[in-house]
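Novice: Generate coordinates for the entire structure from the input sequences, incorporating the hints supplied.
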Amino acid sequence: MGMAAESQFHVLAVDDSIIDRKLIERLLKTSSYQVTTVDSGSKALEFLGLCENDQNHHTSTNIPSVFPNNHQDVEVNLVITDYCMPGMTGYDLLKKIKESSSLRNIPVVIMSSENVPSRINRCLEEGAEEFFLKPVRLSDLSRLKPHMKKNKVKDPRNETEEKIENSEILLQQEAPKSQYSHSESESQSQLQAHSTIDQQQQPLQQNNNNNKRKSMEQQGLSSETDRTRQRYSGIATVV
Amino acid sequence: MDVGQMRRQWMDYIKSMFEERFLDGQFLQLQQLQDENNPEFVFEVVSLFFDDSERILKDLSFALEQQSVDFKKVDAHVHQFKGSSASIGAQGVKNACIAFRNFCEEQNIDACRRCLLQVKQEYFVVKNKLETLLRLEQQIVAAGGSIPIMELGF
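Protein chains in written order, with UniProt numbering: chain H, 1 to 239; chain S, 1 to 154.
Calculated directly from the structure, the hints in this document are not laboratory data.
Where hints are given, some of them may not hold.
[As the list claims (entries may be wrong)] Cut-off 16 Å, straight-line C-alpha distance, at most; resulting in silico cross-link-like pairs (EDC-like, lysine to aspartate or glutamate):
id: 1; chain 1: H; residue 1: K22; chain 2: S; residue 2: E105
id: 2; chain 1: S; residue 1: K73; chain 2: S; residue 2: E105
id: 3; chain 1: H; residue 1: K22; chain 2: S; residue 2: E40
id: 4; chain 1: H; residue 1: K29; chain 2: S; residue 2: D35
id: 5; chain 1: H; residue 1: K29; chain 2: S; residue 2: E36
id: 6; chain 1: H; residue 1: K22; chain 2: S; residue 2: E131
id: 7; chain 1: H; residue 1: K22; chain 2: S; residue 2: D75
id: 8; chain 1: S; residue 1: K120; chain 2: S; residue 2: E40
id: 9; chain 1: H; residue 1: K22; chain 2: S; residue 2: D35
[Said to hold, decoys possible] Residues from chain H shown here face chain S by an in silico Cβ test under 10 Å; the list is partial:
id: 10; residue: D16
id: 11; residue: S17
id: 12; residue: I18
id: 13; residue: D20
id: 14; residue: L27
id: 15; residue: P86
id: 16; residue: E114
id: 17; residue: V116
id: 18; residue: P117
id: 19; residue: R137
[Said to hold, decoys possible] Some but not every residue of chain S turned toward chain H, in silico, with C-beta under 7 Å:
id: 20; residue: Q26
id: 21; residue: Q29
id: 22; residue: V45
id: 23; residue: L48
id: 24; residue: F49
id: 25; residue: G83
id: 26; residue: S87
id: 27; residue: G144
id: 28; residue: S146
id: 29; residue: I149
Glycine residues also receive a C-beta, built at the ideal position from the N, C-alpha and C atoms.
Specialist: This is the structure in structure tokens:
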């Protein structure tokens with residue numbers, strides 16, 4: 001069905017329902033994607049190699065402070081997540097990915113069984129690429145492909161712009177960024193050092209997030225949201 | 001009975017399930033995802049649905065038996081059930097869940113208990129029919145036949 005060229009793309013699918021995990025896995029595999037499924041947002045972050053430091057979250061107690069980083073070498077080209085999950089919702093997961101300098105380039109797609117416009121807009125404004133209504137169908141999956149390409153071929157010019165624009169928080173972003181490019185031969189102690197930095201800056205990053213968004217809006221970068229919104233309005237008429 | 005007869009029987013049976021609105025087009029999506037590399041896909045998903053449904057029904061019954069009913073909890077269970085039934089195309093269960101959720105919002109305990117009976121009824125009917133359908137499929141495959149491709153006007 002799918003083309004061989006797509007087989008290199010790896011999708012991380014997140015859903016608390018075992019039926020929906022089975023379904024999305026089959027849909028993606030039929031479309032020739034490599035698939036990993038997990039049942040919660042925190043496991044998704046764990047797979048992506050991001051430390052989760054939210055103390056209020058009940059599962060965080062089970063997660064060691066330093067991840068083995070087994071997955072640093074596994075590139076994830078797209079995350080597709082259910083919206084409504086106990087504990088960390090798909091929206092929370094989206095925010096955590098977009099707040100992380102090492103993960104923010106990974107496109108995120110949200111799935112939900114409910115057609116709530118305010119929810120959909122909130123997700124798109126937070127940086128989701130697409131919003132799929134459940135149950136997801138084979139025909140929906142064609143909408144994933146353009147986002148894969150975008151992630152694969154990173155535009156170095158955009159990265160520079162990003163650095164200047166976010167100079168305020170550049171210091172905090174530097175560490176995880178370098179962590180992202182670590183080879184798997186990296187020693188455990190170095191990874192530990194980065195993880196510690198990661199933990200310390202978590203609250204700072206969250207505080208700065210509002211500023212970051214504000215500055216993005218001021219520089220007219222909200223065209224991104226406009227574009228995705230426009231695309232959704234096309235979908236809404238179909239549903 | 002030869003394979004041809006069994007295939008016709010299967011077609012008639014699944015058609016009636018659509019006509020009587022037990023199933024919707026989503027079930028055909030599942031059929032589409034089944035191929036020679038995954039010959040058991042529909043059976044696996046439907047089995048997961050049975051296990052999941054029975055757990056949810058137990059949780060729902062328990063939640064509605066309480067002295068003071070936690071409607072948020074009830075609604076969360078019904079929401080799950082609505083999602084899983086929609087995912088396999090069990091239209092009757094899904095529609096019963098939609099009605100159920102309205103009464104959760106109203107916090108109408110009597111209506112919620114009636115809805116639980118209705119959802120249960122819908123579930124057991126569709127379960128029975130799906131089991132018959134899958135048994136027919138197994139017989140067709142065992143006799144060396146293949147499952148017909150369904151194409152309804154959805």
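Novice: Hint by hint, say whether it matches the structure.
Specialist: Comparing the hints with the structure gives:
no., hint, result
1, H:K22 <-> S:E105, "31 Å, violated"
2, S:K73 <-> S:E105, "11 Å, holds"
3, H:K22 <-> S:E40, "12 Å, holds"
4, H:K29 <-> S:D35, "12 Å, holds"
5, H:K29 <-> S:E36, "14 Å, holds"
6, H:K22 <-> S:E131, "20 Å, violated"
7, H:K22 <-> S:D75, "24 Å, violated"
8, S:K120 <-> S:E40, "26 Å, violated"
9, H:K22 <-> S:D35, "15 Å, holds"
10, D16, "9 Å, holds"
11, S17, "6 Å, holds"
12, I18, "6 Å, holds"
13, D20, "6 Å, holds"
14, L27, "7 Å, holds"
15, P86, "8 Å, holds"
16, E114, "9 Å, holds"
17, V116, "13 Å, violated"
18, P117, "19 Å, violated"
19, R137, "6 Å, holds"
20, Q26, "5 Å, holds"
21, Q29, "6 Å, holds"
22, V45, "6 Å, holds"
23, L48, "5 Å, holds"
24, F49, "6 Å, holds"
25, G83, "5 Å, holds"
26, S87, "5 Å, holds"
27, G144, "25 Å, violated"
28, S146, "18 Å, violated"
29, I149, "15 Å, violated"
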